[in-house]
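*Asks:* Chains as they are written, first to last, in the numbering used here: chain A, 1 to 480; chain Y, 1 to 312.
Everything labelled a hint here was simulated from the structure, so no lab data went into it. Don't take every hint at face value.
Claimed, not checked - Covered stretches of chain Y, as calculated for chain A (at least 3 residues, CB under 8 Å): (1) 123-130; (2) 216-223; (3) 272-283.
What the hints assert, rightly or not - Computed cross-link-like contacts, DSSO-like style, restricted to lysine-lysine with a CA-CA straight-line distance of at most 30 Å: (4) Y:K304 - A:K255; (5) A:K465 - A:K160; (6) A:K213 - A:K190; (7) Y:K142 - A:K328; (8) A:K85 - Y:K142; (9) A:K466 - Y:K230; (10) Y:K115 - A:K466; (11) A:K255 - Y:K55; (12) A:K466 - A:K264; (13) A:K396 - A:K379; (14) A:K466 - Y:K77; (15) A:K455 - Y:K55; (16) A:K142 - Y:K142; (17) A:K96 - A:K142; (18) Y:K217 - A:K142; (19) A:K142 - Y:K300; (20) A:K160 - A:K396; (21) A:K466 - Y:K89; (22) A:K203 - A:K264; (23) Y:K217 - A:K465; (24) Y:K77 - Y:K217; (25) A:K142 - Y:K304; (26) A:K264 - Y:K77; (27) Y:K68 - Y:K55; (28) A:K466 - Y:K217; (29) Y:K230 - Y:K142.
To be verified - Derived, one-sided and incomplete: chain Y residues facing chain A with beta-carbon distance under 8 Å: (30) Y63; (31) I64; (32) G65; (33) F69; (34) K73; (35) L169; (36) R172.
Keep in mind it's a predicted model, so treat the numbers as computed, not measured. Think of the CB as a built atom: it goes at the ideal place given N, C-alpha and C, for glycine as much as any other residue.
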Amino acid sequence: MKLKKVLAISLASVMALSFAACGNAKTGAPAATTDGSAADGAEATGGESKGADVAEVLGDIPSYTQLDLSQYGDTAGSIKFLHHKTDRAEDGTMDKLVAEFNKEFPNIKVEMEAVTDYAQDSLLRLSTGDWGDVMFIPAVDKVDLEQYFMPLDSLDNLSKELNFVDTWEYNGLCYGIPYMANAQGVLYNKAVFEKAGINELPKTPTEYLEDLKIIKEKTDAIPLYTNYAAGWTMGAWDAYIGNVSNGDDTFMQQKFVHTAEPFKDPGDDTGIYNLYRILYDAVAQGLVEDDYTTTDWESSKGMLNRGEIATMVLGSWAYAQMQEAGDKPEDIGYMPFPMTVGGTQYVSAGGDYNYCINVNSSDENKLASLIFVKWMVEKSNWCYNEGGYTVVKNGKNPDMYAAFDGCTVLSDAPSKPGEETYLNDMNAESELSFNAGGNDKVQRIVEAAATGSEKLDDIFADWTKKWNESQEELGISVDY
Amino acid sequence: MNASVNAVKTSNKRTFREWLSSRDGQKVLVISAFLIIPMILLMVFTYIPFAEMVKFSFYNMKYIGARKFVGFKNYAKVFSRSDCFGALKLSLYYMGGSVVQLSLALYLATILSFKVKGGDLFKGFMFFPFLINGIAIGFIFKFFYTRGFVFDTVLQWCGFELNNLPYWLKDRSINNISLVGTSVWRYFGQNMVLFIGAIMSVDSELYEAAMLDGANKFQQFKYIIMPSIKTIFVLNVILSISGSLSAFEPPFVITDGANGTGTYFVVMHEIAHTQQKVGLASAMAVVLLLIIFTVTILQKLFFKYVFKDGTQ
Numbered sequence: 001m002k003l004k005k006v007l008a009i010s011l012a013s014v015m016a017l018s019f020a021a022c023g024n025a026k027t028g029a030p031a032a033t034t035d036g037s038a039a040d041g042a043e044a045t046g047g048e049s050k051g052a053d054v055a056e057v058l059g060d061i062p063s064y065t066q067l068d069l070s071q072y073g074d075t076a077g078s079i080k081f082l083h084h085k086t087d088r089a090e091d092g093t094m095d096k097l098v099a100e101f102n103k104e105f106p107n108i109k110v111e112m113e114a115v116t117d118y119a120q121d122s123l124l125r126l127s128t129g130d131w132g133d134v135m136f137i138p139a140v141d142k143v144d145l146e147q148y149f150m151p152l153d154s155l156d157n158l159s160k161e162l163n164f165v166d167t168w169e170y171n172g173l174c175y176g177i178p179y180m181a182n183a184q185g186v187l188y189n190k191a192v193f194e195k196a197g198i199n200e201l202p203k204t205p206t207e208y209l210e211d212l213k214i215i216k217e218k219t220d221a222i223p224l225y226t227n228y229a230a231g232w233t234m235g236a237w238d239a240y241i242g243n244v245s246n247g248d249d250t251f252m253q254q255k256f257v258h259t260a261e262p263f264k265d266p267g268d269d270t271g272i273y274n275l276y277r278i279l280y281d282a283v284a285q286g287l288v289e290d291d292y293t294t295t296d297w298e299s300s301k302g303m304l305n306r307g308e309i310a311t312m313v314l315g316s317w318a319y320a321q322m323q324e325a326g327d328k329p330e331d332i333g334y335m336p337f338p339m340t341v342g343g344t345q346y347v348s349a350g351g352d353y354n355y356c357i358n359v360n361s362s363d364e365n366k367l368a369s370l371i372f373v374k375w376m377v378e379k380s381n382w383c384y385n386e387g388g389y390t391v392v393k394n395g396k397n398p399d400m401y402a403a404f405d406g407c408t409v410l411s412d413a414p415s416k417p418g419e420e421t422y423l424n425d426m427n428a429e430s431e432l433s434f435n436a437g438g439n440d441k442v443q444r445i446v447e448a449a450a451t452g453s454e455k456l457d458d459i460f461a462d463w464t465k466k467w468n469e470s471q472e473e474l475g476i477s478v479d480y
Numbered sequence: 001m002n003a004s005v006n007a008v009k010t011s012n013k014r015t016f017r018e019w020l021s022s023r024d025g026q027k028v029l030v031i032s033a034f035l036i037i038p039m040i041l042l043m044v045f046t047y048i049p050f051a052e053m054v055k056f057s058f059y060n061m062k063y064i065g066a067r068k069f070v071g072f073k074n075y076a077k078v079f080s081r082s083d084c085f086g087a088l089k090l091s092l093y094y095m096g097g098s099v100v101q102l103s104l105a106l107y108l109a110t111i112l113s114f115k116v117k118g119g120d121l122f123k124g125f126m127f128f129p130f131l132i133n134g135i136a137i138g139f140i141f142k143f144f145y146t147r148g149f150v151f152d153t154v155l156q157w158c159g160f161e162l163n164n165l166p167y168w169l170k171d172r173s174i175n176n177i178s179l180v181g182t183s184v185w186r187y188f189g190q191n192m193v194l195f196i197g198a199i200m201s202v203d204s205e206l207y208e209a210a211m212l213d214g215a216n217k218f219q220q221f222k223y224i225i226m227p228s229i230k231t232i233f234v235l236n237v238i239l240s241i242s243g244s245l246s247a248f249e250p251p252f253v254i255t256d257g258a259n260g261t262g263t264y265f266v267v268m269h270e271i272a273h274t275q276q277k278v279g280l281a282s283a284m285a286v287v288l289l290l291i292i293f294t295v296t297i298l299q300k301l302f303f304k305y306v307f308k309d310g311t312q
């Protein structure tokens, strides 16, 4: 008897579930057809635009540029924002931002989650699909973008109003907008430079190494702090490849994967070779910290602030943190990377993490998320407060970029159509992971220079071998 | 005919019901009712993910995006790459460490199982490191080994000159030993407590009898204690050897696997999460599992042989 009852109940529940599933499918179906007809109409009118049309994909939701924030004050919704700014979540900045946001949009509830190991964890969260409505785009392939994220607008529309939006462009649609942009330079302590008698900032790797030597002789400061132990601080050296090292904005995303010998010494103090030569020579000549294996990232901030460290090679995002870390914020300076290509010093600027919106969220949440993203980008002032290079066209830049006058600012041109995944594929196959967490390859340079186990040329020969093997394995043509 | 079939059917049904309400039936019912939850948990969180991982090891895949079946290519790579098996050499350091760890634990356990002043206090102090989170231990030792910090200061009190001391984590000839030191520090207390537990179960009359026969402490250890704790001893050895093959926390937290300290697990983590070669990393995991199986079986055979010899 009891068994029968159990059977009956489980059968009934299974049937109920399957009915529910049917119901979902039925309600889903007409929505799809209306989408389809809207798409037909759009094609008829604007059939010539490149790739997919944004209005066609978005349906009833306005695109980023169409959205007029002042008209949506009473929009309601409850969204979740997944981000990596754990430090800003702890010091209350994020809560303040949301409080500001809620003054204008009181009915949109924003829940936030800060993830410490964002680069890895966010990918895992993404693969489960259960992550919320707004997040920062992790390292996904461009072809997969539409599967996870809602397009925000077409590249044509968006690039009229914002900088650096082509990073996550696919088929003419943009899937992400950077929350701030970074310029890639070198952090230095002005007081230490003054004490060492260096009045002119170095412009080439050779000049830079000479200055480091002078600092070592004349002051007690550590000339170049590698921050070896933290790992990612070493991977940060990759950011100067392309725009800075070659003065070419098509290098990183387009030419690099097709280059036969990207690590060859061009002989004029430029290129990837001389970028890493700075690190190798500085370590070999004892111009870095004594015991690099026990460096501590958090305490290095205060050391730079107090003048115990002269220079650190990091993006501009670190500037504000260095200023906050001690009593002498005025001593922190930021200079362009010491490399001159054909008489010009280039600065690489590009978006940091990009906001994106879950394509599987409900329509109300998509709209609320879009409002939130637009407000964060244009109204929150967050980018300026973080010392970021402006994302909004002609926006105000913080004073720290004064030394960049006279330099040419470049941002990486996007990869060629059809080659979007090449760099990721090459990075994974060769395991060198440029700008993608390949910290150990840079750490290897430090180890080799310190112990004398390998010459710089040996390391580059090994990299070139891996790079060429990967090109062969993946069938990528060698054109340069 | 019909009637008889019906009769058989009903009698069958009845017997099933009867069987259910019988003692045997109730036994099966109760056992399966109690087992079903742990079995489901075991399946969902251990065996199904494991089967998935074995499946992954035959694919060229990332966490997201398309997957491509490649057969045994990943396994071939595990054996041909220098960094995968090279990392296993580091396990020798950890195995060496586990020998030190077990002898230290056994020695202290034997002393503490006799009457010692403040014995419980010592036991507590030595067991304490095991209670600390592995990540926290990593951070403690990162500062402990920093040039001129805790360890160097203590050694300077003992009369060492700072200039003569090595860089504990920078010097490649010694940095793995430093890391093994942290894991010995953490785990010997736990081994010791297990040993003490086993030694306590020895009948104290045996010691009295041995003393009357004129056996000294070492002879008591050899002929009374050792044979009675051999099960626990073998267990501890097996656990620490398979533990040293899969050492992860100290190198991951303290050095991030850099500077020649990347153990098999750290390399696997790097390949799976930074390089996103999930298939290859899964193959590495399966290979490690097979290695651990082999080593464990060899150990079992070894001890079977050794203890047979020792006790007879």
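*Asks:* Among all the numbered hints in the text so far, which are the ones the structure does not match?
*Replies:* 1, 2, 4, 5, 9, 10, 11, 15, 16, 17, 18, 19, 23, 24, 25, 28, 29, 33, 34
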